[in-house]
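Each residue of the sequence shown is one higher than the last, beginning at 35 in this note's numbering.
In case anyone wonders, no lab produced these hints; they're calculated from the structure.
Possibly wrong hints are sitting among the right ones.
[Claimed, not checked] Beta-carbon label-pair distances, calculated as ranges: (1) G103 / R467: 37 to 43 Å; (2) E263 / S404: 42 to 48 Å; (3) P341 / G292: 44 to 50 Å; (4) G103 / S394: 38 to 44 Å; (5) G103 / E263: 57 to 63 Å; (6) A87 / D415: 32 to 38 Å; (7) R100 / D239: 14 to 20 Å; (8) D239 / R361: 26 to 32 Å; (9) G80 / V290: 30 to 36 Å; (10) R361 / G418: 47 to 53 Å.
Positions of the beta carbon are idealized from the N, C-alpha and C atoms, including for glycine.
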Amino acid sequence: MKHRGRHRRRRRGKALRATLAGTALALTAAATLISASQATVADAPGALKPVAASDGAGQPALAEHRVPGRWLDRLASKMGRPVGVGTVLESADLPLRDAAGCSTAEKRSLPVEPAATRAYCFGGSDTRGWRAGAVTTSGDADDDGRWGGNRVILSGWTRGAEGGSMQGPAPGQGLAKVAFVDANDPGALRYTWALLAVPVDGGRDYRGLVSPLSGMVWYQDKLLVTTREGGRDALYVYDMDRIQRATVESDAVGRVRGGWAAHGYRFVLPAVGSYTLPGGDGTPRPATVSLDRSTSPDSLVASEWAPADGDRRTRLWRYALSRDPDRSGPLTTGSSGQAAPTEAYETKTTEVRGVLAYRSRWYLDRAAGSAGGHGTLWRQDTEGARAAGCGTDETRNCWSGGSGSLSYWQETGEVWSQSGRMLFALPLTSVERALG
35 MKHRGRHRRR RRGKALRATL AGTALALTAA ATLISASQAT VADAPGALKP VAASDGAGQP
95 ALAEHRVPGR WLDRLASKMG RPVGVGTVLE SADLPLRDAA GCSTAEKRSL PVEPAATRAY
155 CFGGSDTRGW RAGAVTTSGD ADDDGRWGGN RVILSGWTRG AEGGSMQGPA PGQGLAKVAF
215 VDANDPGALR YTWALLAVPV DGGRDYRGLV SPLSGMVWYQ DKLLVTTREG GRDALYVYDM
275 DRIQRATVES DAVGRVRGGW AAHGYRFVLP AVGSYTLPGG DGTPRPATVS LDRSTSPDSL
335 VASEWAPADG DRRTRLWRYA LSRDPDRSGP LTTGSSGQAA PTEAYETKTT EVRGVLAYRS
395 RWYLDRAAGS AGGHGTLWRQ DTEGARAAGC GTDETRNCWS GGSGSLSYWQ ETGEVWSQSG
455 RMLFALPLTS VERALG
């Protein structure tokens with residue numbers, strides 16, 4: 035993966051931080067009544083349990099696969115020269131409404147404690163029938179928080195998955211798209227869409243990625259996306275310098291009469307590679323991911339999805355990211371072409387929708403126990419677990435119930451997530467204060 039110096043800006047002014055952090059929003063939505071299935075102190079999952087390196091089943095190695103370069107070159111020769119993120123942002127003409135312009139029903143999905151300090155909502159016309167799942171930002175892409183001079187948020191969505199589980203959408207559904215959000219002006223966010231795709235037929239065509247999007251990490255010029263297609267889990271890899279323009283406005287995907295279509299969207303990202311796991315029902319399956327810049331080297335952390343009524347614990351992993359400027363894949367691999375975890379843990383927290391790690395602490399976003407309820411954000415380490423309280427009876431159902439993945443923008447100190455049509459952020463320091 036070639037290091038691109040043109041994307042690197044190291045200056046971090048205090049005024050810029052203050053602008054992005056902003057003043058806490060006066061969010062008008064009242065907290066919803068906490069459901070009867072409340073998370074309390076008695077439900078605390080306890081400390082993380084390290085998984086021994088000798089436990090091969092608990093420490094899954096990811097096998098790296100690359101789409102042949104000639105496939106990608108052939109596709110580009112037919113579709114036209116690829117473009118970068120800056121070109122996509124120039125087409126960002128759809129406004130994200132500020133919290134004040136969002137409905138009470140939309141804002142009901144926001145966390146109760148700690149409260150969001152910034153919140154926005156997507157339009158209904160282009161997200162109806164789609165489910166939000168994954169978030170990453172240019173704070174992941176580069177440690178100065180910018181990509182080519184732009185502040186960017188990526189928001190992943192899956193068609194036909196509204197109200198479904200993380201196990202996947204119904205058959206025949208599940209196209210995946212990403213909103214490229216221009217976040218240069220915190221008071222006027224705008225976005226446009228790009229469809230995620232997979233090259234086929236030797237690069238002569240592409241198909242849509244059919245998978246829920248439950249985790250994304252944008253690291254340098256690569257975007258890693260958790261996928262579940264046909265019962266097989268993988269991390270697909272996309273190149274942010276290989277974004278293609280669609281030339282025909284059509285609901286079709288791929289090569290059509292007169293050009294190329296991307297389900298009506300202007301841009302399409304063809305996958306450049308993937309990381310897969312060995313088969314077998316007992317193999318752990320990373321379902322959500324995030325970036326941790328507090329380690330050396332930077333690392334990818336992952337959590338699997340384990341149902342509450344299951345008979346085993348949820349497993350967590352950390353994978354090292356490569357510093358080799360000549361590598362095309364972002365993960366560090368051995369001579370066998372596999373990326374092995376550098377850390378692995380088990381936790382009693384189930385139904386994890388988002389995972390975050392910073393220094394020795396892990397933050398796990400547990401889904402709500404009932405429709406319309408609120409979930410729990412647990413902070414865990416090898417010593418114990420804590421969650422914020424928002425009631426007089428030690429209630430811990432204080433987080434957003436339907437939120438997706440978590441992403442920490444280290445340069446601004448903000449944690450980003452989304453729930454329903456709401457995209458929101460809050461300082462990690464406010465999470466720590468709420469946890470005590």
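| Which of the listed hints are not met by the structure? | 1, 2, 5, 6, 9 and 10
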